[in-house]
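Between the sequences and the hints, there should be enough to build the whole structure, so can you do that?
Number 97 in the numbering used here belongs to position 97 of the sequence shown; there are no gaps in the numbering.
It cannot be assumed that every hint is accurate.
Okay, derived cross-link-like pairs now, SDA-like style, lysine to any residue, Cα gap no bigger than 20 Å in a straight line [as the list claims (entries may be wrong)]: (1) Lys-82 x Ala-155; (2) Lys-20 x Lys-221; (3) Lys-140 x Lys-40; (4) Lys-82 x Lys-35; (5) Lys-212 x Thr-233; (6) Lys-40 x Thr-61; (7) Lys-115 x Gln-68; (8) Lys-221 x Lys-140; (9) Lys-44 x Ile-54; (10) Lys-115 x Leu-138; (11) Lys-35 x Asn-66; (12) Lys-149 x Ile-193; (13) Lys-69 x Ala-43; (14) Lys-221 x Ala-253; (15) Lys-259 x Ser-91; (16) Lys-213 x Ile-193; (17) Lys-212 x Glu-243; (18) Lys-115 x Asp-157; (19) Lys-221 x Val-231; (20) Lys-140 x Lys-35; (21) Lys-69 x Lys-80.
Just so you know, these hints were derived from the structure itself, not from any lab. Just so we're clear, the structure is a prediction, and the values are computed from it rather than from any experiment.
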Amino acid sequence: MDYVIITDSAANIPTELAQKHGIEIIPFSYFIDGKEHICKDTAKWSCHNYYQKIRDGARVTTSQINPQKYIDFFTPFLKKGKNILFVGLSSGVSGSFASAQIAQKQLSEEFPDRKLVLIDSLGASMGEGLLALRAAVLRKEGFSLRTVKEELLRARDRMFQVFTVDDLMHLKRGGRLSGISAGIGTVLNIKPILTGNAQGKIIAFSKVRGRKKAIEALAAKYEELVENQAVQTVAISQADCPEDAAYLASVIAKSKPPKDIITVDFEPVTGSYVGPGTLALFFLSHDNVRLK
1 MDYVIITDSA
11 ANIPTELAQK
21 HGIEIIPFSY
31 FIDGKEHICK
41 DTAKWSCHNY
51 YQKIRDGARV
61 TTSQINPQKY
71 IDFFTPFLKK
81 GKNILFVGLS
91 SGVSGSFASA
101 QIAQKQLSEE
111 FPDRKLVLID
121 SLGASMGEGL
131 LALRAAVLRK
141 EGFSLRTVKE
151 ELLRARDRMF
161 QVFTVDDLMH
171 LKRGGRLSGI
181 SAGIGTVLNI
191 KPILTGNAQG
201 KIIAFSKVRG
211 RKKAIEALAA
221 KYEELVENQA
231 VQTVAISQAD
241 CPEDAAYLAS
251 VIAKSKPPKD
261 IITVDFEPVT
271 GSYVGPGTLA
281 LFFLSHDNVR
291 LK
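Dropping the structure here:
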């Protein structure tokens, strides 16, 4: 087809899988104790080492992708006569999508005959990545850019993202929770159950005591809300808790087996805000599944 599919590294698609499906990745950057790292080849990135550094007290910061970086990444494809479908990190958690919109406006003037379609995933990690992978499958099947855009917008509104964190203090540092609430929750072993709402923002909708109950709460949401699981790919992202991810996968595979389960290491940029031990589950549900 005459269009390329681009997403950012926050989509959490492993490099090998992105290459298999012909998906281009524009990388985010993050900083560990002031040293910049670029999210490029996932095969060269150690999930365990990264999250262990956070556990050990390393200072991790991130930076959004600015308009010029989008322009520099998109331009070579447009010059080759390609149209572009870009699936981006939720505007509810990052200003990067707004930067992509600025780039789109400038490039539309420079390349008036080309189409540059932007999709705000309203998600992160595989909540974004599953949309990009869906686009690649539809492109391979011969669907037009317009049709794929419409399908992704429908799928976006059906994408349920549910996750839990192991340490509330990371959410506190990211401005998602008060220090008092985080401190009390940590002492009492309270685990929040979180999701992405209709605006793509992270909200807590439940809480349980203990890690096992938190994992079971994710599985329970899947069993309650998943639709047509036999024909869909479900994704799990784990921030250095592979045993918990395997347990979650086994539970959902027994309750309502999906077509496939992809388990990935939680990428470093959004992972820095939720912290080590975060476990997330992504699947398609009904049209109005996002909490308002």
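Structure-based check of each hint:
no.	hint	verdict
1	Lys-82 x Ala-155	violated (24 Å)
2	Lys-20 x Lys-221	violated (31 Å)
3	Lys-140 x Lys-40	violated (25 Å)
4	Lys-82 x Lys-35	violated (35 Å)
5	Lys-212 x Thr-233	violated (24 Å)
6	Lys-40 x Thr-61	holds (17 Å)
7	Lys-115 x Gln-68	holds (18 Å)
8	Lys-221 x Lys-140	violated (32 Å)
9	Lys-44 x Ile-54	holds (18 Å)
10	Lys-115 x Leu-138	holds (18 Å)
11	Lys-35 x Asn-66	holds (19 Å)
12	Lys-149 x Ile-193	violated (30 Å)
13	Lys-69 x Ala-43	violated (23 Å)
14	Lys-221 x Ala-253	holds (14 Å)
15	Lys-259 x Ser-91	violated (30 Å)
16	Lys-213 x Ile-193	holds (10 Å)
17	Lys-212 x Glu-243	holds (11 Å)
18	Lys-115 x Asp-157	violated (23 Å)
19	Lys-221 x Val-231	holds (18 Å)
20	Lys-140 x Lys-35	violated (40 Å)
21	Lys-69 x Lys-80	holds (18 Å)
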